[in-house]
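S.K.: Chains as they are written, first to last, in our numbering: chain A, 1 to 396; chain B, 1001 to 1118; chain C, 2001 to 2180.
I should point out that these hints are in silico values taken from the structure, not numbers from a laboratory.
Among the hints, erroneous ones may be present.
Stated by the list, open to error - Computed list of lysine-lysine pairs in BS3-like fashion (alpha-carbon distance at most 30 Å, straight line):
(1) LYS1033/B x LYS326/A
(2) LYS1033/B x LYS98/A
(3) LYS1033/B x LYS84/A
Unchecked claim - Only some residues are given here: those of chain B computed to face chain C with a beta carbon under 7 Å:
(4) ASN1035
(5) ALA1064
(6) LEU1065
(7) VAL1068
(8) PRO1079
(9) ALA1083
(10) GLU1094
(11) PHE1098
(12) ALA1103
(13) GLY1105
(14) ALA1109
(15) TRP1110
Ideal Cβ placement from N, Cα and C applies to all residues, glycine included.
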Amino acid sequence: MITDPFTLVGDLLREFLIGLGLKAPEASGVIAFLGAGALATAVLVLCFLLIWAERKILARIQDRIGPNRVGPFGLLQTVADFAKLLTKEVVVPSGADKLLYFLAPPLAVMAVVGLWAVIPLAPNLVGTDINVALIYLISIGAIGTLAIMLAGWSSNNKYALLGAFRSVAMLISYEVPMVLALLVPTMLAGSMGTVAIVEAQRQMWFVVLAPLAAILFFTSSMAEAGKAPFDLLEAESEIVAGYNIEYSSMAFGMFFVGDFLHGFTLSALTVTLFFGGWLGPYVDQYSWLGLIYFLAKTAVVYFAVIWIRGTLPRLRIDQVNAFNWKFLVPLALSVVVVTAVADKAAATLGWDRTLALFVANGLLLLGTVIALQLYARSQRRRFERTSLAAAPAPAR
Amino acid sequence: MSDQWLFIALILPLALFMASVPIGLSRLLGPRKSNPAKDAAYECGIETVGDTWVQFKVQYYIFALVFVVFDVEAVFLFPWAVAYEQLQLYAVLEGILFILILAAGLLYAWRKGNLEWI
Amino acid sequence: MTLLQGVFVVTALAAVISAVMVVASPRLVHAALWLVVTLGAVAVLFILLDAGFLAMVQVVIYIGAIAILIIFTVMLTRRVMADSGSQANRAWWLAVFIGVVMFAALLALLAQMPTWWQVTPPPLAASADFMVKDLGKSLVDLDRYVVPFEVASVLLLAALIGAIVLARPPAETAGKTGAE
Chain A
1 MITDPFTLVG
11 DLLREFLIGL
21 GLKAPEASGV
31 IAFLGAGALA
41 TAVLVLCFLL
51 IWAERKILAR
61 IQDRIGPNRV
71 GPFGLLQTVA
81 DFAKLLTKEV
91 VVPSGADKLL
101 YFLAPPLAVM
111 AVVGLWAVIP
121 LAPNLVGTDI
131 NVALIYLISI
141 GAIGTLAIML
151 AGWSSNNKYA
161 LLGAFRSVAM
171 LISYEVPMVL
181 ALLVPTMLAG
191 SMGTVAIVEA
201 QRQMWFVVLA
211 PLAAILFFTS
221 SMAEAGKAPF
231 DLLEAESEIV
241 AGYNIEYSSM
251 AFGMFFVGDF
261 LHGFTLSALT
271 VTLFFGGWLG
281 PYVDQYSWLG
291 LIYFLAKTAV
301 VYFAVIWIRG
311 TLPRLRIDQV
321 NAFNWKFLVP
331 LALSVVVVTA
341 VADKAAATLG
351 WDRTLALFVA
361 NGLLLLGTVI
371 ALQLYARSQR
381 RRFERTSLAA
391 APAPAR
Chain B
1001 MSDQWLFIAL
1011 ILPLALFMAS
1021 VPIGLSRLLG
1031 PRKSNPAKDA
1041 AYECGIETVG
1051 DTWVQFKVQY
1061 YIFALVFVVF
1071 DVEAVFLFPW
1081 AVAYEQLQLY
1091 AVLEGILFIL
1101 ILAAGLLYAW
1111 RKGNLEWI
Chain C
2001 MTLLQGVFVV
2011 TALAAVISAV
2021 MVVASPRLVH
2031 AALWLVVTLG
2041 AVAVLFILLD
2051 AGFLAMVQVV
2061 IYIGAIAILI
2071 IFTVMLTRRV
2081 MADSGSQANR
2091 AWWLAVFIGV
2101 VMFAALLALL
2111 AQMPTWWQVT
2121 PPPLAASADF
2131 MVKDLGKSLV
2141 DLDRYVVPFE
2151 VASVLLLAAL
2161 IGAIVLARPP
2171 AETAGKTGAE
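Please model the complete structure; the sequences and the hints are all you need to start from.
M.R.: Encoded structure:
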């Protein structure tokens, strides 16, 4: 039984390249290039499967079958769709800034594929182990936001620009609770590196130590990825596809791919940060089990993402923003404060860390629910007061 | 340490290139029959009238600004969070003070009605 | 020339050229985008100096927040779809002269260091992980940077309040006086 195929393959490749006459750092460079190519290809090809899975699951939730004609169980449907997109005309709108117009879709895809560089797939299988991986995630997300701005502006279309503004406003709003939620795994693991965070979850997954932070990160990531119920930016009934109105054929296809991949990527990130990544039984002896655990967990979280998409109605733009700034951001700040105090109190007073953090999260959740109830009650009272004052006396 | 960034320096241009290939392919494979009606800007089927400009809504500016402030705050808090395990309680309280000052700013914006989206 | 030196030269050239394009671009939105390129090049320079955390902070804050704010305001406050024409004013030769003088002064100052032409940095004294932890500890250490740390939050608060006050619509005060 091969216990560690990844290191084995890496060493074999390195010996082979050195045997060809390369020096050690150059060999590492070639291996990095091959690894980057393999990861990018795997991730982009995975999209075909993801789009099929999402369409099938959404269909079942909506009590229909979904694609089932092209290939067994409709598996080749996405291939057919992309073949169709390839042969359509690329209509460049008049007055469009050509360089920026064609730069935006690959930039959006790059912003998502770049996230996979720091996700640890198995004990020795990670693109790169930089110690600032969490801030790297945020910075790559920022580049994605920029790509949308470029797309909206370079289309020379008022509605594309308006759609791009609304998209970017929503995206930057939801970055705040996401970044604040990322502080919690950093505190618990003592590092910003994804490999260190996975290793720190050997005792207990962070979803148990910080469930509210997990929910916060999951929710704000879904908004970042434009998944329902936050998908007003790509809704056909809204601003007519928003920033990608003027994109056709494969240029639109690449935006589409980037969007779908973002959903899967956020599931992978949630698993890495809160559900223990590749950790599982016997993973130290057989490291390829880590890859299987990771993919299984990510698939479960991705299923939850699709489930939520098929179940919840779409939020309006003002509801989206109110939800973020009036609920998520104060909650995120509270979670950081409560986790910091609880963990340090548990450490100094000698309590069990897991119990202390779990109880603290529970208390915060209770406080949040009570606050929401009070808010709802005050809203209802205000509504009754105004409608009673405005309602005419009942007719005799 | 910069060799850790090598992978990222390789995968980003690679992803950019790999996403450009299908677009280039469709430029090659697709028909190219452009005419003025098709290329005109899309405005729900009618002709565009006047310059293309967007009305200034102060909400965009406020949201972007509040985002900048909270982004800088989060970036300050990351080193604090990384060193968290080795800090004493007073140091943790200092970080919490930092958070509370900015939470007061958020509360101010909320009460002034600047977090509404009209 | 090693690979690192080559990367440095390319990045430095990109930074300088894009900075020149920021001031020389006829369209304002293009200038904002060239600014993004300059900021990205500076981030790469930080990486070459083994300051990964600062590089990421540069991208997150400058490109992800400030550049987006600039692009927002540029696109919202001008009819940029029709914007064109050189943005330079008549005294551009004076600006170039002052720029050259400042560059010469900085060069003279730098040349006083013994190894100023070296483009590969000396190896780090400590690991990158330790440095971020050290930065975190120094930000709250009573003997080091805790006062600037807390003052920074007050500064951010002041900026937030100032911007909100500035953005208040002027019709509010006019409406109040008109209603009386």
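S.K.: Hint validation: TRP1110/B versus chain C, beta carbon distance must be below 7 Å. Holds or violated?
M.R.: 10 Å, violated
S.K.: Against chain C, run the beta carbon of PRO1079/B and see if the smallest gap drops under 7 Å.
M.R.: Holds. Min distance 3 Å.
S.K.: Mind checking the CB of ALA1103/B against every CB in chain C and telling me if the closest is under 7 Å?
M.R.: Given a least distance of 10 Å, the restraint on ALA1103/B is violated.
S.K.: Interface hint check: ALA1083/B, Cβ to nearest Cβ on chain C, cutoff 7 Å. Holds or violated?
M.R.: Result: holds, 3 Å to nearest chain C Cβ.
S.K.: Taking 7 Å as the limit, does the beta-carbon of ASN1035/B come near enough to a beta-carbon in chain C?
M.R.: 22 Å, violated
S.K.: Regarding the pair LYS1033/B and LYS326/A, is the alpha-carbon distance no greater than 30 Å?
M.R.: Distance ~50 Å between LYS1033/B and LYS326/A Cα, so the pair is violated.
S.K.: Holds or violated: the hint that ALA1064/B contacts chain C, with Cβ atoms closer than 7 Å.
M.R.: Given a least distance of 4 Å, the restraint on ALA1064/B holds.
S.K.: Answer holds if the nearest beta-carbon of chain C is closer than 7 Å to that of PHE1098/B; otherwise answer violated.
M.R.: OK, holds: PHE1098/B within 7 Å of chain C, min 5 Å.
S.K.: Does VAL1068/B meet its interface restraint, that is, does its C-beta lie within less than 7 Å of any C-beta in chain C?
M.R.: 4 Å, holds
S.K.: Hint validation: GLU1094/B versus chain C, beta carbon distance must be below 7 Å. Holds or violated?
M.R.: 5 Å, holds
S.K.: Was the hint right that ALA1109/B lines chain C, CB cutoff 7 Å?
M.R.: 6 Å, holds
S.K.: Hint check: LYS1033/B vs LYS84/A, CA-CA at most 30 Å. Holds or violated?
M.R.: Measuring from Cα to Cα gives roughly 17 Å; hence the hint holds.
In summary, the numbered hints that this structure violates are 1, 4, 12, 15.
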